Amino acid sequence: MSHGAGHGAGHDAGDPSSKRIAIFITVIGLLLAIAETMAKGAQTNSIASNVQASNLWSFYQAKTIRQTSLKTAAEQMEVDVALAKDPAVKERLAKRVADWRAEVERYQTEPKTNDRHENVGEGRKELSARAIEAEAKRDVYTNQYHCFEIGSAALQIAIVMASVYLLTHIVLVLWMATGFVGLGVVFALLGIFSPATINTLLPH
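Okay, so the sequence shown: first residue is 959 according to the working numbering, each after it adds one.
The hints are simulated quantities; they were obtained by calculation from the structure and are not laboratory data.
Treat the hints with care, since some could be wrong.
As the list claims (entries may be wrong) - DEER-style ranges, computed between Cβ atoms: (1) E1061 x A1087: 19 to 25 Å; (2) S1016 x S1121: 49 to 55 Å; (3) S1016 x E1063: 19 to 25 Å; (4) K1083 x T984: 52 to 58 Å; (5) T1126 x V985: 17 to 23 Å; (6) I1150 x L1130: 26 to 32 Å; (7) W1133 x A1087: 23 to 29 Å; (8) V1009 x G1137: 58 to 64 Å; (9) E1063 x I992: 48 to 54 Å; (10) P1161 x G999: 22 to 28 Å; (11) V1118 x A1087: 45 to 51 Å; (12) W1133 x A1154: 53 to 59 Å.
All figures in this text were calculated on a predicted structure; none of them were measured in a lab.
Glycine residues also receive a C-beta, built at the ideal position from the N, C-alpha and C atoms.
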């Protein structure tokens, strides 16, 4: 009995260390889950912003083509106005030119608001501004995604190293695991607070 008790005491003495590492791995797993969730959200937002920018630029191009066509037609009709002899015909043609000129201007800039008083201008000027804004958002979300992905990779390596430590009890491995945890947290925080920093850290 005394021998069994002694053996059990010796075994329990080693347990606290293993339990702490198990808790450490669990915490890393929680951080990893959070980082991967944020990475997925950033990726989804990046794709959505990119689609929005593409649609706005397509709309912009369509407006440009229509505007150019109307402008050319107005210029051609101005020649007809100058050559017209009949005052009534000249007046009708001049009115048509004025209408087309107004339409050309409307295609260039058309600020307006919807029922919720939000600016949803659809002129070329407004469409260009909205497309550039969507591209800026896309770039921010893309940088966030890269930060979170690198952070997730570092946390995954940390879990592997912490698991190796449980088997080998090599202290250096545990320190390396801790270092990768720190690296993962740093990149996750960069993704939240300063995603553009990733552009200076990674080669282009």
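Outcome of the hint check:
Checked against the hint of 19 to 25 Å, the pair E1061 and A1087 passes, with Cβ atoms roughly 21 Å apart. Take S1016 and S1121: their Cβ atoms lie about 50 Å apart, and the range 49 to 55 Å holds. Judged by the Cβ atoms, the range 19 to 25 Å given for S1016 and E1063 holds: they are separated by roughly 22 Å. Taking 52 to 58 Å as the suggested C-beta distance range, the pair K1083 and T984 conforms, at roughly 54 Å.
Hint check: T1126 to V985, Cβ distance near 21 Å, so the stated range 17 to 23 Å holds. The supplied range of 26 to 32 Å is met by I1150 and L1130, whose beta-carbon atoms lie about 31 Å from each other. Range check, W1133 to A1087: about 51 Å between beta-carbon atoms, so the 23 to 29 Å window is missed. Distance hint check: the CB atoms of V1009 and G1137 are about 39 Å apart, inconsistent with the given range 58 to 64 Å.
Taking 48 to 54 Å as the suggested C-beta distance range, the pair E1063 and I992 conforms, at roughly 51 Å. Checked against the given bound of 22 to 28 Å, the beta carbons of P1161 and G999, roughly 26 Å apart, stay inside it. Separated by about 48 Å at the C-beta atoms, V1118 and A1087 satisfy the suggested range of 45 to 51 Å. The given range of 53 to 59 Å is broken by W1133 and A1154, whose C-beta atoms sit roughly 31 Å from each other.
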